[in-house]
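S.K.: Let's have the full structure, built from the sequences with the hints guiding it.
Residue numbers (our numbering): 70 to 202.
No lab work stands behind these hints, which were simulated from the structure alone.
This one's a predicted model, so the numbers in the text were calculated from it and none came from an experiment.
Hints are supplied without guarantee of correctness; some may be wrong.
What the hints assert, rightly or not - Simulated restraints on C-beta separations: (1) Phe92 with Leu196: 25 to 33 Å; (2) Glu159 with Leu86: 21 to 29 Å; (3) Ser146 with Leu194: 13 to 21 Å; (4) Val89 with Gln177: 51 to 59 Å; (5) Leu194 with Asp135: 37 to 45 Å; (6) Gln144 with Glu199: 42 to 50 Å; (7) Val165 with Ile90: 39 to 47 Å; (8) Glu126 with Val179: 19 to 27 Å; (9) Gln177 with Asn149: 17 to 25 Å; (10) Asn149 with Ile180: 17 to 25 Å.
We put the CB at the ideal spot given by N, CA and C, even for glycine.
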Amino acid sequence: MFKPTLSKKSSINILPLIDVIFFLLVFFMLFTSFRTTPEGLEMQLPTAQTVTEQSQENIVVDISEDGQFYLEGEQLSVENLTARIADLYEENPNRVTIINADQDTRYQHVITVMDSLRSAGFYDLALAAERDS
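M.R.: Set out below in structure tokens:
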């Protein structure tokens, strides 16, 4: 007589899709942790609600809690700091100088840097802060 034919049910194999999604998840978890800003000094920045991201092309001046001035990790006096920033502005005059002061830094140290830079003709200044969470 007739034998019943067994028909295979077709199905979508989703295991390769799960593998790809898992790989992408691991990839983004690893590489988003590597995307950090370069660190020069350990600082606690003040917080603000209206913080905007700045590009990496800007000049960052770090002011430590004890009033030491740093540019690219190098400790400088105010006069040398102004001269070095003048050299950096000659390379790219569209840069903004970001003053990255610790939250416990005396206000006078920030004003000293701002006054020195403004007297040298640099008016594109910004103060760094962390987004208030």
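S.K.: Now tell me, hint by hint, if it's right for this structure.
M.R.: Consistency of the hints with the structure:
1. Phe92 with Leu196: 25 to 33 Å: violated, 42 Å
2. Glu159 with Leu86: 21 to 29 Å: For Leu86 against Glu159, whose Cβ atoms are near 54 Å apart, the range 21 to 29 Å is violated.
3. Ser146 with Leu194: 13 to 21 Å: The hint (13 to 21 Å, Cβ to Cβ) holds, given that Ser146 and Leu194 are roughly 19 Å apart.
4. Val89 with Gln177: 51 to 59 Å: holds, 57 Å
5. Leu194 with Asp135: 37 to 45 Å: violated, 22 Å
6. Gln144 with Glu199: 42 to 50 Å: At roughly 23 Å between Cβ atoms, Glu199 and Gln144 fall outside 42 to 50 Å, so the hint is violated.
7. Val165 with Ile90: 39 to 47 Å: About 40 Å separates the Cβ atoms of Val165 and Ile90, which means 39 to 47 Å holds.
8. Glu126 with Val179: 19 to 27 Å: holds, 22 Å
9. Gln177 with Asn149: 17 to 25 Å: At 19 Å between Cβs, range holds.
10. Asn149 with Ile180: 17 to 25 Å: Holds: the Cβ-Cβ distance is about 18 Å, inside 17 to 25 Å.
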